[in-house]
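Construct the entire structure; sequences and hints are all you get.
Residue numbers (this note's numbering), protein chains in the order written: chain A, 1 to 385; chain B, 1001 to 1374.
Treat the hints as calculated values from the structure; they're not laboratory data. Just so you know, even glycine gets a beta-carbon here, dropped at the ideal spot from N, CA and C. Incorrect hints may have been included.
What the hints assert, rightly or not - Here are the simulated distance ranges between beta carbons:
#1 A:Asn10 to B:Asp1210: 52 to 58 angstroms
#2 B:Lys1261 to A:Glu8: 44 to 50 angstroms
#3 B:Asp1036 to A:Phe5: 16 to 22 angstroms
Claimed, not checked - When the alpha-carbon atoms are kept at most 30 angstroms apart in a straight line, the in silico DSSO-like pairs for lysine-lysine are as follows:
#4 B:Lys1370 to B:Lys1002
#5 A:Lys265 to B:Lys1309
#6 B:Lys1002 to A:Lys60
#7 A:Lys322 to B:Lys1370
#8 B:Lys1232 to A:Lys265
#9 B:Lys1309 to A:Lys322
#10 A:Lys180 to B:Lys1261
Listed here are the chains, written in short residue letters.
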Amino acid sequence: MDFSFTDEQNRFRQEVRDFLEEEIKTEYWQPACDAWVQGFDPGFTKRVAQRGWIGLTWPKEYGGQQRSHLDRLILTEEMLRYGAPAALHWFGDRQVGGAILSFGSEELKKEFLPRIARGEAYFGLGMSEPGAGSDLASLQTKAVEDGDYYVISGQKTWASCASFAQYFDVYARTDPEAPKHRGISEFIVDARSPGLSRIPMIDITGTEAWNDVFFDNVRVHKKYLVGEKNRGFYQVLHQLDYERSGMERLMGNYPLFEGVIRFAKDNKLSREPSVRSKLAQLQIEFEVGRLLIYRVALVMEEGRAPNWESAMSKAYSTEFEKHLASVAMEILGPYGQLKSGSKLVPLRGMAAHSYLGSKGYSLQAGTTEILKNILAVRRLGLPSS
Amino acid sequence: MKLTLTEEQEMLRKTARDFLADKCSKKFVKQMEESDAGYSVELWREMAELGWIGLVFPAKYGGGDMSFLDLAVLLEEMGRACLPGPFFSQVVLAGLPVLDIATEEQKQKYLPELIRGEKIFTLALGEPGYPNYDASTIATEATLHDGDYMLCGTKLFVPDAHVADYMLCVARTKPRGGITVFLIDAKGPRINCTLLKTIAGDKLCEVLFDRALAPRANILGRLNQGRSAIQKISERAAVGKCCEMVGNIQRVLEMTVDYAKERKQFGQHIGSFQVIQHYCADMATDVDAARFGTYRAAWMLSGGLPCTKEVAIAKAWIGQASQRVLALAHQIHGAIGVTIEHDLHYYTRRAKAADLAFGDVDFHREIVAKEMGL
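Shown next as structure tokens:
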């Protein structure tokens, strides 16, 4: 066992920190909670790309840096620590790029990966549907072959970053006769395609968090089929393993964590035994969770898709995020309810945002219940229920 | 970064697991709990011959030259087997502190017989008012008489004191500050040892010192300067306990999942019920998190890195995690798990004892608070 980072890894972390410090000093943006999924900043994404930090682990021939998954974790950990607005490239970098790399044709790799890495192609996800949430395999959006094209019709929902997405990674039924897991295919769909429309959905915090995305006979050339026809469900499971794998599940609200500790110190609340105990408990939970996530990166480094490992770290981490938000509200007292922009608001309203926002963390990318099912079956060998 | 064991450590684990499966049945554990001594001389000798007692000590004293991280693997297996006896006292509480702070002459004198298991060693640290091993509150006094020290005071929850030949005793040598570690003859006069009846059936004692002799030549480390030694001793003891606890809850998880796969109700294996599956998933998460927290601290300790916060995090976490794991294990096992015939109680009783040893959750959480600058 070795819990240390190499000198090179430490230097890289420092390089990322220096970059982010400089960004904040230049007042390009302010650290924010949930900025990995709600911070849209083309300039920032471009500057990150110029450093070679999008597609960090991908082969050089596709615009990547062929660096390790541990390096990518260090990079994303720092982005989250600083609450950086990384949403425009997050999905392409985290999962869609990897899916294209694992399953896509050479043509698709060449078309998309370098552009994602240059910060020029933003992706959204077209997975869930109104009637297909946890039971994703029951999705109803259809893709019907028509010459060199597929024609896609249906509705996707809970699509994050969708207003800004230039492409969607869409799962649609290509064989209605086959058992439901075996009739789904994956497509890359241009968001400007005729027949594709989006309606924003506002979440409990008052933020546009998702879109409904409608497909009305959207024509997609066959070359945009990712992987094998009818293998899409297996591909999406693989992609979800990556979607759950990262530090954003633990550190999405890190600016609040830091802020509330500082608040307690500045206001001498940290002398109160109950406050000390609550904050120390968060620190304990945070550090232990971080180790669970580093384990996931090490699994990826071995060339395996993290399966139950990322189910575990994600289920654990979203509980931490909820706990953090609750403790922040307890420590701030009545001020905790004040929203960003209000008179007297502490910590720029992060506590209120996080408290409300955290209700959704254990639902997205696999509910905690689904993740525990995965753990029970895949890790522990209990029978599928 | 690497979160797996080396091949050698895996071999050590396997050897230990096989040996303990053979020699340390639950029947044996029960016998030891019921006996006064609490250990079998025969098994003790075998462990010495296997090189376990000396594992972590330098070869020049007869040891195996291995690291604390290797010892962590062995301690985990001992926790898994509920091994009774003074191994922890001998190695973690007494042997390693001697190696840390004793003079070369003292090491030459004591370590070879410690490593061979010929003499039993323990540590007398905790006290009635302050059972949480906080060196600043030690009240046992050592006063100088005719060139040597006399010890007066009460030590509490001293493991294996009733069978020990030597005892490291931590005492106050100046009214304020001034903590010193003595190595004393545990069987000497004016030392009164009472075995306490504990839930784990481990052998914790109350030890009264009524002007017991502590020769000046037996001061370990520097006079009045024992505090930093105590901090290290306490941190190492806490991590060692965590290692045992990891073995404990890992085994409990396995027993529980096995049971959920076998036990049928309503015509189905209970392990196919989602609520049982989620309990098991929660247990697995707690076990893995506890393992990483513990091994991180063990790795840092092994490398001589400062790790006050990491140790406290490990112990505070596993204290909570182990209680949750055992609670769910009992719930899944149903009533059979609370009977004396079933093995689960061995783990439940030990997990609680380990939680209370060398600082409980609150104690370590407060250390974390201090380390955060709160």
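Going down the list of hints, with the structure as the test:
The beta-carbon spacing between A:Asn10 and B:Asp1210, approximately 55 angstroms, falls within the hinted interval of 52 to 58 angstroms. Here the CB-CB span from B:Lys1261 to A:Glu8 is close to 45 angstroms, well matched to the stated 44 to 50 angstroms. Restraint check, B:Asp1036 to A:Phe5: a C-beta distance of roughly 51 angstroms breaks the suggested window 16 to 22 angstroms. Of the pairs offered as hints, the one joining B:Lys1370 and B:Lys1002 holds, with about 29 angstroms between alpha carbons and a cut-off of 30 angstroms not exceeded.
This hinted pair checks out: A:Lys265 and B:Lys1309 have alpha carbons roughly 18 angstroms apart, not beyond 30 angstroms. Using a Cα cut-off of 30 angstroms, the hinted pair B:Lys1002 and A:Lys60 holds, with the two alpha carbons roughly 26 angstroms apart. With a C-alpha separation of about 24 angstroms, the suggested pair A:Lys322 and B:Lys1370 falls inside the 30 angstroms cut-off, and the hint holds. As the CA atoms of B:Lys1232 and A:Lys265 are separated by approximately 28 angstroms, the hinted pair is consistent with the 30 angstroms bound.
Our distance criterion of 30 angstroms between C-alpha atoms is met by B:Lys1309 and A:Lys322, whose separation comes to about 24 angstroms. Our distance criterion of 30 angstroms between C-alpha atoms is met by A:Lys180 and B:Lys1261, whose separation comes to about 28 angstroms.
The structure fails hint 3 only (numbered hints given earlier).
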